[in-house]
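J.: Take the two lone chains and join them into the complex the hints point to.
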Amino acid sequence: MLVSNSGPDAASRAAIRLLMRRLPGASAVEGSSNLELSSTSEQPQLRSAEIVEGSKLRANKVPDVTRTMASGFGAFLDGAQKVRMIGRYESAPLVLGITSAAVRVRVNRRLVTWGDQPPRLEHKLYLPLRYLPLSMEPPDAGQPEYGQWPVVDTSTANSNGEYPSPHPTMLLERAIRAVDQEREALEDELAEAWCARGEAPLFVDGGISRSGRVASSTNVIGVIKSHRTLYVEGEALKTVVGLGKGERSSVFLVSPRSRHAVMSWYLRLRDPAGHDVLWGLVRVEMAQCENPTERADEISRWVLAETSPLALPDGRWDKMSYGIRDVEEFLRAIS
Amino acid sequence: MSEALGRVVATERKPNTPHEFHFWTAIDSPVGIGTIVRVDGANPMDGQIPHIYGIIVEGFSYTDLQSPMHDVLGHDGLPTTAGYAATERAEIRLYTAAVLRQIPEEPLQPVPMGQVFLAEEADVQVALRMDSYLREGANTGIPIGVYRAGGTEAVIYLDADFLLGPEAAHLNITGVSGLATKTSAVEWLLASLFKHFPEDKGSIAAVCFNVKGPDLCYLDQPGKVEKSDEALYEKLDVEPKPFQSVEYFAPYTAKGLALNTFRNNEALLDNVTPLTWGLREVLQFAEVLLNKDDIDAKADALIDFITENVVDKEFSDPILSKKHRVQSFADLDAWFRDVLQGMERKDGESWRTHHVATIRKVRNRLSNISTRCAGLVTDAGAVSDLPFGSFEDRTVYVVDVANLEEDAQDLIFARIVSKLREHLERRDLGVKHIVVFVDELNKYAPGDGADTYVRKMLLDIAERGRYLGLVLFSAQQFRSQVHRRVVGNSGTSLFGRMDPDELSTPGYAVLSPATRTKLATLEKGQLMIRHPHFTQPIFVRFPRPAVMQGREGSERYPQASDVSLDAAILRALRPLDPTISLPWVQEITALYTQEEVIRARNATLLARPDNVKAYFAAQFRKIIPAQAAPRPMAGSIKSAPENDPYGF
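First to last, the protein sequences are chains R and G.
The opening position of the first sequence corresponds to residue 330 in this note's numbering, with each subsequent residue numbered one higher.
The opening position of the second sequence corresponds to residue 860 in this note's numbering, with each subsequent residue numbered one higher.
Hints are computed from structural coordinates only; laboratory data are not their basis.
Don't be surprised by glycine CBs; every beta carbon is placed ideally from N, CA and C.
Among the hints, erroneous ones may be present.
Stated by the list, open to error - What follows is a set of in silico ranges between Cβ atoms, one per label pair, in the way DEER data are often shown:
1) R:Q477 <-> G:T939: 29 to 37 Å
2) R:P497 <-> G:F919: 41 to 49 Å
3) R:G644 <-> G:I951: 19 to 27 Å
Isolated chain G, as found in the complex (with noise of 0.2 Å):
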């Protein structure tokens, strides 16, 4: 056992509490805010010496000198010789820690006094509660970073069970940017949780969505690792490697030529797969490109018409020039001229209870979409989509979003999301647990505002989503400014480095000035994590993630620069057969318009065929090129017989 390194205290000014204890130490006593500590107990409760853990939350320093000017008179004014005094003055190092556990824990009464311990490894898991979930055959402990203090080093674990479902989930971590905290905690969090969770506890996959900056961009691509990260790896039980299994989605520019991401560098595309929706999967959740005052209850009806009559069925009316299957953006909006017209026809006011008006507006707020988010949304209905029904074990699914408008946005996360959530209700998403990232939370699920699709939806997810399996890894900045229900309802909570402003709101008022204090000036990798079993917050130290940092991926492999047709078909197929050239894509394509050469182009890419030329190819032939007419042979004239009367 180690030496004591303090006593535990208590006056009637500052006396302990069932909750909270005070104690000296020596001087140089290698504690801080942080640190946990034991109290062994000097009298025996029921036969057995009591133990409490606690952690330091305040320290306070002071010496015998009553007034500053004390200090002043003794050193006649001149700070310089007070570094002479024959004698330093008593001096107290006084510490205040919080409980974490006391043990029995009942009777509960006030710490005792008693020695003070610097608390080893086993003391840790025992003070953390850890001690549950480390025992053999309940082994859900997920690695998260590693506690350190004075010449202690205990890896702290999270509860699966807690933080991934079904007893509490999700995990909201807050840090300022600029540091790589909340990116960086997350990666390594998602790397712990592929090695750690529980085989007995099924599969798991993480959809990420990159919403900002190249970040998630290079998660297969192995980074660098400090020597002491290797130490920290190793402590961890984690291999400081990439991910194994990253698939990257991404929609096209408005251009359509190249995907729109930070990881568009031709050597990089093998895994990225282009996200495009066509009318079905846009309809569907109209609700959140449509704000409140587009979709009124008339126009809401309106939709809700089209969507079951008109898309993807044959659809005829008397008012309409010919029957009609809407299929594309293009062919909805054929039909709406169609219908238009046919009303104009008749002079009429509405149609099938619909006012002309409100079919001007919605005709107006869809057709709209397909410009608004251009890229993502195809006129022509090709669609490109995650593989649901089909989500790999330990595969980390990155949808980069970062450079697409607020609304492209919105209805990337909300679809998916929902559809990630269909899938599990129905248990065949492929994996029994999906972790979602997001960052900006504070952009998706203000505290404030207008109530959006998504904020509901992540409400939702927030308060629902553990039974189904689908858990929240969400990020912010300002955890003051997220919606309370999301945050309160993560049963994990990580803090990195945090802004004085954010800490000086009422969320944080139940941390000691001291932790405060501490976590604004965190250094990079340090973590406060609340978890369910931990009584108080604890510090950790994790490794620097073994993927590549966005800034080293984007210098490494630079985002491709708009390209000419010939070029972006050339970079999307060369992936899937390296044969292909740009003379053969000039050749192929020559004839043919840009956009029925991007079409051919999805559809390849969405078929990823073994023969890729062929079927690249294939794609034109339905279209027959435009031949100059054979010039008619001039016809023979008849000579006239030889008998015609009327023969010149």
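Chain R with its partners taken away, still in its complex shape (with noise of 0.2 Å):
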């Protein structure tokens, strides 16, 4: 998933145009720069989870791998999000979001966008409606309009009934987190397609976790940058920082809350000697299955195919397959 930061464009340009004429007294926030995703503000975890390959966690050399093995991934699905704090109303902040995602077709070893499912774009306000004297337009097919841009409101109660308070980092927040949804909406949207079409296994960049029919897809493969939760304690924690590159994890049962259970293995795809200890490392998410060290085996193989070419010059290269890379330069490149 990508977040991007950059300058005002034309769409902020135009929602803020939009809301200043109807929001007497709303500003423009100058410099407006894209906000940070909430998920960073989770503290890393530990957690422990089920082992399904043995009964202890150990490193395991993926087999067979060598310079020509090839990969089973026929297409890659990433998102990407611009959030942006364009405006705002006394102490209400006033978001853009553009939400993307894509998936890119391998064809004769070049990517191209999948002709099945264009790629999804949504450029939505995220308002705290409560907050503001703003008169909405009648509400068409659910969704409130404002103008041309669909409007979510950051401001409404949660499960509990209560209602945000006013405080504008916390009208941020959820605002940020509106647009993460989103665009996780529109990643699961277009796994799902993948899915229906049951064609070749599909890269995904992050979790597949979300989505039952995604998470129970034998041709959906989750690869997992990031680990501010590691699914390891102990002893286990020791194994997977010193895998050594092409090693794996055994497979263990990731079952989130309010998510699916999914199988899940570590895997270092670079030398770490000289870097971090996360470097290199990914975690993979499949369907779970009966045999999965022969398929953990066998998708791993096809992860460490997918490091060549670098995704240079992309900071996170040393995890990142460059069919992700090339996914997050074309949503760059429409949003």
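T.: Listed below in structure tokens is the structure:
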């Protein structure tokens, strides 16, 4: 998933112009920058997981790794989001969110956009309507619109019926989380469409456990680069951080709250010597299966095969596959 | 309509302008340097979708790789493993195109964003503004070659009004030697010109100076035409056959026995005419042969005096021993001798204001001409010349000067071009337009060096010839070494494969690096064209001329070696009368000197009589052969009278 940070674009300018007309007293925020993801505010944590390959988490050399091995992935999916505070009304932040997602299919070793489902691209305003004297146009198809912009209310009550406080940071956090969810929804939509087609395995940037259909599909593989949550504890942690290049951990079961259970394992893509312990380390997710060892070996070979060409100049090139970088560049171009 | 092959792109760093734009294509798009494309603008202007035509002048390709080092790292320094990567890096083909034409032409704006299409044949006509002279009623198009790109094949036409005048004129062709591009291109263009030059514009002929090798010596002989060339000929609507009417002219060798040309094989002599000039023809162009030191004001005055008062006139003077009628170099030398002897007798230093030293100098220089140009200039004054006044339509007149000394070449060139000009001015050449082809232009009209008569004349043709119908087709290896006004006045320029050193000269700075690179690697049969209607140079392919190439011709028709006098006479006369045999020649000429025999031959060739034998033999009748005096009869001694008192 790509988070970009660039100066005000045409969409931002158009949105704030509209808001300033409708909201006397609203002011533009100069040099609006992209806002950080809510996930980065999560505390790093260790969490135990059920080992499904053997009784204990071990380091396994991925067999048959060669320079000439082929990858079985036929496509790559990623999403991107731009979150900009384009203005404020009193203390309430006015946020523009641009979310996008795309699948890029590999044809003759070159990546092209999947023809079956066009890339998704959405521009929405994320507004705390409760704190704005804004007269909304009649809701259409359930989502209010403001001019040409769909609006997401960031001041709705939570499951306990409590409304967020008008604290600007609180409202901003809610806007960011809403954008995050929009992007994830787009990704899931495309991943599910891919599953329905039953084509070659899809390489997804990130986890696959949000959607039940995706989490249970055998042709969708998730590769997670960030490790704010490590599914190991104690000796297992030592095993994971001690993985060498081309080694994987035993397969374990990940079943987060409110998500679907998937099988997962850690895989070291590059030699970590001279780097931090998470260098070149990814966590792979796949649907549960009966032969996790063979399947994990096979998928690990695919993921290793995707380490070439390098995803440079992206700073995450140690973990990122070139296919995902290609999707990110594509999304950067269209959004 | 074909599918779009690209999209226009513009960035702040690489913006589009009214004369240049950028676009990208798919990796396998059939475009390259020289491809003509059409941009369809996205937004109408005054209700009209803008169409922009451009020619690709530069191409770029790059991937998302930021540093070559990243690729090395990605493959652990092993190039062989690079081919196993699951995915090829994203790669771009980005092209820069120079605008050929915008429609509408006003207001002239930067090229808009839009889709890019491969130009089709009709697009090419519009892009190159050929539509203005290919339309009904203004058909002045002369096919020069075929433009090919992708699946498009379009005939490229030159505008006759801009090739042969009066709008613009002249053509210059540049290219390295050895690829036969320059000569081949001119041969092909003449064939096309003869076929397509509009009837209503009058007649046309060409005078080609063969300055080196045998390339122009077999224009009337069929050459080998490849299948691919046949298709080109068909497309260009020209028949693949040699020139139907070709006349060759060449002077004799210094000995005067054989013609000094590669085309002196007996089998080809029927349309070869000797080129010989006498005193009158040469004296008019003495300036060509005399350098500035020779022709100071005093010498010039004396030459003028001789031309005005001596040549072809009865001339008498008190100091002369007799009346002179000077008609040849031999006569002139006799006149000079008489003048100098007369001055010696009078012990005078000047005669008619001319100092004796000037007279000696001019005598020396003029008498020397017949030696320096032996074979061309005759002492006797026999003249055999191009048919000025009766030039024929669609005929090529080849003057072979390849084996001559530089002086003789200059003289021939100067005199023939001057005569062409005189006749064109008087409108009595026989044709309305004449194309003069000169190779090695950097030798005859160099950018530096002495301001020779020939260079001045070439400049004059280049600057004023188009008004007369006198058109210069010139060629050289190094355009940068030719006088700027000569090449600058060439409305049309052709470029074959170029020498990289030549391409690095300032004259080619207007071309993009990619275009220059393409020029340095052009194949045989490819040309780059600049023409007044084309705002950018265009690459075309032309067919190999359907005439015998020089090398093949010289192998099939070997040049005749030096022969005996009798054999030379036989060879010269037999094309006029095949019944002439060597014994007959030997019998007729047995009693005469070589000079007399050659004179008789020249007269016969010049007259081309019906009865060649009789005419040739008649040339000797004026010479009464020396016969042994009959022995006088011994006179009878008169007997003394019987009554003679003194008788013994």
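J.: Does each hint fit the structure? Answer for all of them.
T.: Here's how the hints hold up against the structure:
1. Taken as a hint, the range 29 to 37 Å is violated for the pair Q477 (chain R) and T939 (chain G), whose Cβ atoms sit roughly 54 Å apart.
2. Under the hint 41 to 49 Å, the C-beta atoms of P497 (chain R) and F919 (chain G), about 48 Å apart, fit the expected range.
3. Range check, G644 (chain R) to I951 (chain G): about 23 Å between beta-carbon atoms, so the 19 to 27 Å window is met.
Comparing the model with each numbered hint stated earlier shows that hint 1 is the single one that does not hold.
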